[in-house]
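Sequence lines, in order, name chains A and B. According to this note's numbering, the first sequence is numbered sequentially starting from 6. According to this note's numbering, the second sequence is numbered sequentially starting from -16.
These are computed hints drawn from the structure, not numbers from a lab. Incorrect hints may appear among the rest.
[As the list claims (entries may be wrong)] FRET-style restraints, in silico, Cβ to Cβ: (1) A:L100 with B:P44: 18 to 26 angstroms; (2) B:S78 with A:K62: 17 to 25 angstroms; (3) B:G36 with A:H81: 40 to 48 angstroms; (4) B:T(-10) with A:S60: 21 to 29 angstroms; (5) A:S60 with B:E62: 46 to 54 angstroms; (6) B:G(-1) with A:P87: 39 to 47 angstroms; (7) B:E62 with A:I23: 46 to 54 angstroms; (8) B:T(-10) with A:F44: 16 to 24 angstroms; (9) B:G(-1) with A:D36: 39 to 47 angstroms; (10) B:S34 with A:E61: 33 to 41 angstroms; (11) A:S60 with B:S50: 41 to 49 angstroms; (12) A:L51 with B:R60: 22 to 30 angstroms; (13) A:K62 with B:T(-12): 24 to 32 angstroms; (14) A:A34 with B:M24: 17 to 25 angstroms.
Here a beta-carbon is modelled for each residue, glycine too, at the ideal position from N, C-alpha and C.
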Amino acid sequence: QQQVKQSPQSLIVQKGGISIINCAYENTAFDYFPWYQQFPGKGPALLIAIRPDVSEKKEGRFTISFNKSAKQFSLHIMDSQPGDSATYFCALGILTGGGNKLTFGTGTQLKVEL
Amino acid sequence: NAGVTQTPKFQVLKTGQSMTLQCAQDMNHNSMYWYRQDPGMGLRLIYYSASEGTTDKGEVPNGYNVSRLNKREFSLRLESAAPSQTSVYFCASSSQGQPQHFGDGTRLSIL
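Let the hints inform the model, and build the full structure from the sequences given.
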């Protein structure tokens, strides 16, 4: 069963615009909420992550907004660039004694056009 | 470069053949993971190893076995490959409480 629902499936944004990707989850037992970026032929790479006691985190042009009561979080990419064209995955993270477990969303293919 | 190395990068198998996917990390991480990635499905956890000497099932373990050979290496074996196992397989590693680092994947086709 899919614990996290990600939308949209694909997104086209003009250069300089704002890209917004949303995720919603179904229960509250998670320790952190990361976003991963994946380029074709490569593995996912951590982009930014947030803990549930924080409502917003910003790193450069990338911002996570987190709404604990609504069980939703989103990724905002400001001033989107063609180099941002990639697939983005949200995930739900649980920190265990020996590592951490991730449940991924289904991904959003972002294309930034000139 | 330091990171997670997966071999092979590409492989084609016939139904019923067996194969082992190799993964090695040089970041001294305790935990290692195997995922599969299918179109529209995201990444799904097959097996993971929280520490050397332990392995546990993930979301989709059927048809797979794993071996944590040592701290650096974690292999995934398909005993009798099926077309439904055609996928891109990713290995990842992490230290305690830290994000996972992924390899670049093995693209596996089963005819």
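Checked hints:
The hinted window of 18 to 26 angstroms between A:L100 and B:P44 holds, with their beta carbons roughly 22 angstroms apart. Range check, B:S78 to A:K62: Cβ separation about 21 angstroms, and the 17 to 25 angstroms hint holds. With their beta carbons about 42 angstroms apart, B:G36 and A:H81 fall inside the hinted range of 40 to 48 angstroms. Between B:T(-10) and A:S60 the CB atoms are about 43 angstroms apart, so this pair departs from the stated range of 21 to 29 angstroms.
Hint check: A:S60 to B:E62, Cβ distance near 48 angstroms, so the stated range 46 to 54 angstroms holds. About 45 angstroms separates the C-beta atoms of B:G(-1) and A:P87, a value consistent with the hinted range of 39 to 47 angstroms. Take B:E62 and A:I23: their Cβ atoms lie about 48 angstroms apart, and the range 46 to 54 angstroms holds. For B:T(-10) and A:F44, the Cβ-Cβ distance of about 20 angstroms falls inside the hinted range of 16 to 24 angstroms, so the restraint holds.
Between B:G(-1) and A:D36 the C-beta distance comes to about 41 angstroms, which sits within the given range of 39 to 47 angstroms. Between B:S34 and A:E61 the beta carbons are some 34 angstroms apart, a value that agrees with the proposed interval 33 to 41 angstroms. At roughly 43 angstroms, the beta carbons of A:S60 and B:S50 sit within the given window of 41 to 49 angstroms. With their beta carbons about 28 angstroms apart, A:L51 and B:R60 fall inside the hinted range of 22 to 30 angstroms.
A hinted range of 24 to 32 angstroms for the beta carbons of A:K62 and B:T(-12) is consistent with their spacing of about 31 angstroms. For the pair A:A34 and B:M24, the beta carbons lie near 22 angstroms from each other, so the given range of 17 to 25 angstroms is met.
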